[in-house]
Structures are given as structure tokens and as C-alpha cells.
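**Student:** Single-letter residue listing:
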Amino acid sequence: KQEVTQIPAALSVPEGENLVLNCSFTDSAIYNLQWFRQDPGKGLTSLLLIQSSQREQTSGRLNASLDKSSGRSTLYIAASQPGDSATYLCAATGRNNDMRFGAGTRLTVKP
Amino acid sequence: GAVVSQHPSRVICKSGTSVKIECRSLDFQATTMFWYRQFPKKSLMLMATSNEGSKATYEQGVEKDKFLINHASLTLSTLTVTSAHPEDSSFYICSPRAGPEAFFGQGTRLTVV
Chain A
1 KQEVTQIPAA LSVPEGENLV LNCSFTDSAI YNLQWFRQDP GKGLTSLLLI QSSQREQTSG
61 RLNASLDKSS GRSTLYIAAS QPGDSATYLC AATGRNNDMR FGAGTRLTVK P
Chain B
112 GAVVSQHPSR VICKSGTSVK IECRSLDFQA TTMFWYRQFP KKSLMLMATS NEGSKATYEQ
172 GVEKDKFLIN HASLTLSTLT VTSAHPEDSS FYICSPRAGP EAFFGQGTRL TVV
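First to last, the sequence lines map onto chains A and B. Counting from 1, one number per residue, gives the positions in the first sequence under my numbering. Counting from 112, one number per residue, gives the positions in the second sequence under my numbering.
Because the hints were derived from the structure by calculation, they are not lab data. Among the clues, some could well be false.
To be verified - Pairs of lysine-lysine, DSSO-like flavour, derived with a Cα cap of 30 Å:
no., chain 1, residue 1, chain 2, residue 2
1, B, K131, B, K177
2, B, K166, A, K42
3, A, K42, B, K152
Remember, it's a predicted structure, so these values are computed and weren't measured experimentally.
If we strip away everything but chain A, and leave its shape as in the complex, we get:
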């Protein structure tokens, strides 16, 4: 059964800093990996989707990489802003479309 782990569990940085969130998964036979943002008490907002054949995806200040062989993905956030404060979740999708989530990284960007 796929297990997804995210490190660190929580992160606090000053505004303007670049940061990296880590995600690891135990079963490399994934269909894709997706990063989400979740604000308190809200649903999930999709940030980036990386197909299994891809190495990275970029959207604005966000860049996500995928290394299937090592079972790792990273989310890089450039020039962080207070509005980036949220919980970031990664999820690995298996061949039958079932998604397994990490526990998330709770990010706080201080003004």
C-alpha cells in the first residue's frame, strides 16, 4: 500500500525567503503526483500536477519536481509571501486513480 510522507510537518519563514517542501512515496508505480494547497477549514486547491513521465512543472513562483526512481517530489516556492501561508499537501495517484496523501506541511510566512 502506498505511503506518502511530507517533511517538515511545519515551517515558518520570513517573507521573501525561498523554500522547499519535501514529499516521499514508497511505491514508485504512480500515475502522477499532485501538489495542493489547503487553507484552514477549506477544501483543496490544485497547484501543480506532474505526470509520471515528467520531471517537473512550473506555475508562477512554484516549481515542483518528481523523481520516481527515488520516490521523491519537491515543491519549491520562490520569494514567499504572507499569502502563501497554508498547508501544502502532496498526493500520489496510483494506476486505478486512487490518491494517497501526505500529512501536509503547515507553512507560515511572516511579514
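Given the structure of chain A, go ahead and fit chain B onto it with the hints provided.
**Tutor:** Coordinates of chain B only, in the frame set by chain A:
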């Protein structure tokens, strides 16, 4: 991105009653619906998967008679929590799927008193 509507966003019910949560995909047809549960400061836990017109497949440890899932059309699925108890209090999120990218409803905060 795709538009998903889930409601109610919050519901408080008495122990022993049933609660129905609706999930609609507004601008796409979802062949598969996933229902998740999330405990405070924890990740999402997959409860069940359903395909339109078929019975849902439940994850191990999830009681199918307590969490009734109906996926009667390609745009609507419902989750009914039957005979709710305080331990059923949680955040429930739906995820209708039509392709590789996953989209989610805004979630339903259920509190059983």
C-alpha cells in the same frame, strides 16, 4: 480548473440522526467519485471510490452501512452518514474525477452532538 460544489459546508446534527452531503461537478462529467475524511491537522483518508451507476468500493475499516454513497449520475454523488455518532465528527471532502488531475469540493464540517 474544474468547478466542484459540495454542500452543506457545515452541519451540526444530533447523535442518531442521518446527514446527507452532496457533491456536484458543475462543468464536467465525473466518471469516478472519491470521498475522503480528514481529522484535525491530519491528512486526507480515502473512504470509498464509486463509479457512476455502480456500487461504491470502500477502503478497509470504513463501514459501508454507515457511510452510504450514491453516484447516480455523472454530475452528482451523495454521502449519507447514517445513525451519526460523535466519533463521526470530521471534515468530509469529495473529489469527482474525469481525468488525471484531481479537483475537490470545499468540504463539509460535520459535528455530531
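**Student:** Now tell me if each hint is right for this structure.
**Tutor:** Quick rundown of the hints versus the structure:
At most 30 Å may separate the alpha-carbon atoms for a hinted pair to count; K131 (chain B) and K177 (chain B) meet this at roughly 12 Å. For the proposed pair K166 (chain B) and K42 (chain A), the alpha carbon gap of about 28 Å is at most 30 Å, so the pair holds. Simply put, K42 (chain A) and K152 (chain B) have alpha-carbon atoms about 12 Å apart, close enough for the 30 Å limit, and the pair holds.
When each numbered hint is compared with the structure, no violation occurs for any of them.
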